[in-house]
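S.K.: Residues per chain, in single letters:
Protein chains: 2
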Amino acid sequence: MKRPIGVIDSGVGGLTVARELMRQLPKEAFLYLGDTQRCPYGPRSEQEVRAFTWQMVNYLLRKNIKMLIVACNTATAYTLQELQENLDIPVIGVIEPGARAAIKVSQNKRIGVIGTEGTIQSKAYPRALQSIDENIRINDLACPPFVPMVEDGMLSGPEAEGIVARTLQPLKNMNHIDTLILGCTHYPLIKGLVQNEMGNHIQVISSGEETAREASLILSYQGLLNQSEEDPVHEFYTTGNMEKFRSVANSWFDQPVQVLKRIRLDHVQSSAI
Amino acid sequence: MKRPIGVIDSGVGGLTVARELMRQLPKEAFLYLGDTQRCPYGPRSEQEVRAFTWQMVNYLLRKNIKMLIVACNTATAYTLQELQENLDIPVIGVIEPGARAAIKVSQNKRIGVIGTEGTIQSKAYPRALQSIDENIRINDLACPPFVPMVEDGMLSGPEAEGIVARTLQPLKNMNHIDTLILGCTHYPLIKGLVQNEMGNHIQVISSGEETAREASLILSYQGLLNQSEEDPVHEFYTTGNMEKFRSVANSWFDQPVQVLKRIRLDHVQSSAI
Chain A
1 MKRPIGVIDS GVGGLTVARE LMRQLPKEAF LYLGDTQRCP YGPRSEQEVR
51 AFTWQMVNYL LRKNIKMLIV ACNTATAYTL QELQENLDIP VIGVIEPGAR
101 AAIKVSQNKR IGVIGTEGTI QSKAYPRALQ SIDENIRIND LACPPFVPMV
151 EDGMLSGPEA EGIVARTLQP LKNMNHIDTL ILGCTHYPLI KGLVQNEMGN
201 HIQVISSGEE TAREASLILS YQGLLNQSEE DPVHEFYTTG NMEKFRSVAN
251 SWFDQPVQVL KRIRLDHVQS SAI
Chain B
1 MKRPIGVIDS GVGGLTVARE LMRQLPKEAF LYLGDTQRCP YGPRSEQEVR
51 AFTWQMVNYL LRKNIKMLIV ACNTATAYTL QELQENLDIP VIGVIEPGAR
101 AAIKVSQNKR IGVIGTEGTI QSKAYPRALQ SIDENIRIND LACPPFVPMV
151 EDGMLSGPEA EGIVARTLQP LKNMNHIDTL ILGCTHYPLI KGLVQNEMGN
201 HIQVISSGEE TAREASLILS YQGLLNQSEE DPVHEFYTTG NMEKFRSVAN
251 SWFDQPVQVL KRIRLDHVQS SAI
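Read top to bottom, the protein sequences are chains A and B. Residue numbers 1 to 273, in full-length UniProt numbering, belong to the letters of the first sequence in order. Residue numbers 1 to 273, in full-length UniProt numbering, belong to the letters of the second sequence in order.
Heads up, some of the hints might be wrong.
Identical chains share a label here; the pair holds if one copy fits it or two copies do between them.
[Said to hold, decoys possible] Lysine-lysine pairs mimicking DSSO-like chemistry, simulated, CA-CA at most 30 Å apart:
#	residue 1	residue 2
1	K2	K123
2	K123	K104
3	K172	K66
4	K63	K172
5	K123	K63
6	K109	K27
7	K2	K191
8	K2	K172
9	K63	K104
10	K27	K63
11	K191	K104
12	K109	K66
13	K261	K244
14	K104	K27
15	K261	K172
16	K104	K2
17	K27	K244
18	K109	K191
19	K123	K261
20	K123	K27
Since the hints were derived computationally from the structure, they do not count as laboratory data.
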């Protein structure tokens, strides 16, 4: 099936998921849409996140995508179920893959979750984890400084280390978790800082790798894998500054971003069509 | 959905998969059927493996299972597609999960596979790997001594180390793989020996953990997860010696095997019904 796979995110964070998707599914073509202009979604209301997400989805549906990846935890927390109920293509979020991966590696069933205010307030991770195993104990923590820090390119150095240490302090004082889910697609960019702060005995889960694996399984399971021999062409859309997007994207991918377009979403319908 | 999940294997090796299934899906009830009497399947013809597998499947279908896990690589290699085409419940094998996990972790795209003669001759792993990424290079090797070694309980010591070293020699002399798939559900029992022999720079993939994760995803994706609060009761069936089976099973599970029955399969239909 040569149709492309749509990937949506509030901005550039979802590129960590896209990179894994392209690495694990090298025959597939991806359309990436980052709503950079209206990023971050974390502090926004549920209603707003749902409207923005539907605008992205409706934009990509016109491009005949065969699968949708919601590469943003906040959007997944608020819209995944609604999208799955309304679309007739497979829809994969980033929360359940992270939850299943954590259940796989945790030995003591005490799992930490960090994310944006929206993701943590939604309790989507505790729900996903406990629907599979109700004996799991969860410590979750909103980390509002992390997304702006990553967006500003502050990925290392004493100041970044200080912010990470101060923000994670409440989690370190709590129960003895053995696994920590990075519940925001920006966080893999500071995975090293988080790992150092939490200690090497903690297994840190990036949902990008896990989501890519689950996408691969669903494509295969539903017979949707691309069989064509041609090299895929990926397309990127941003609602914000193109040069800023290009520079981040180029630093993350092995090959330069070829097709990049600036788009407007304000006239796209903000609910199911 | 309170219906149980069926797990079939040529013998006791699939218990490594069952253990992971029970750990990662603690609310689900499993029916495990091990064809111990006719084990090993590795050296048998495709026709024979298919007939034996259908007998196991038809036996479990009568018990109203909601999903089937083929926890035997040889049976998966020969029958998975046929089972998926003929059954109206989800059918999961152990080969694709292992392949996807290897693609996730391999950095240099050179992947080793070890398994029984049947599994290696079928080329099921190279097919699964290359259908996703045709640039992957594969070195596969049949290891006939490993299943009898594990069945005899020889899991450590100088003799076991010697057998593993001699058997794996051809793989060590080949291309520089960075990932090795244990393509037989008996092999996780000697994972330590294999890891020592291959070196710590090789990532060793056990398909049990991966299969359990994929089963979890498919159950969730299809709305089949058990929502009941009752503790599940697992049942075990063997075609061979009950005491031998019980002793292996008890040594692998946290709690003693409660329900264990000896069954006969020779009168069960050996093809799709």
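S.K.: Please name the hints from earlier in the document that this structure breaks, with their numbers sorted from lowest to highest.
M.R.: 3, 4, 5, 7, 8, 15 and 19
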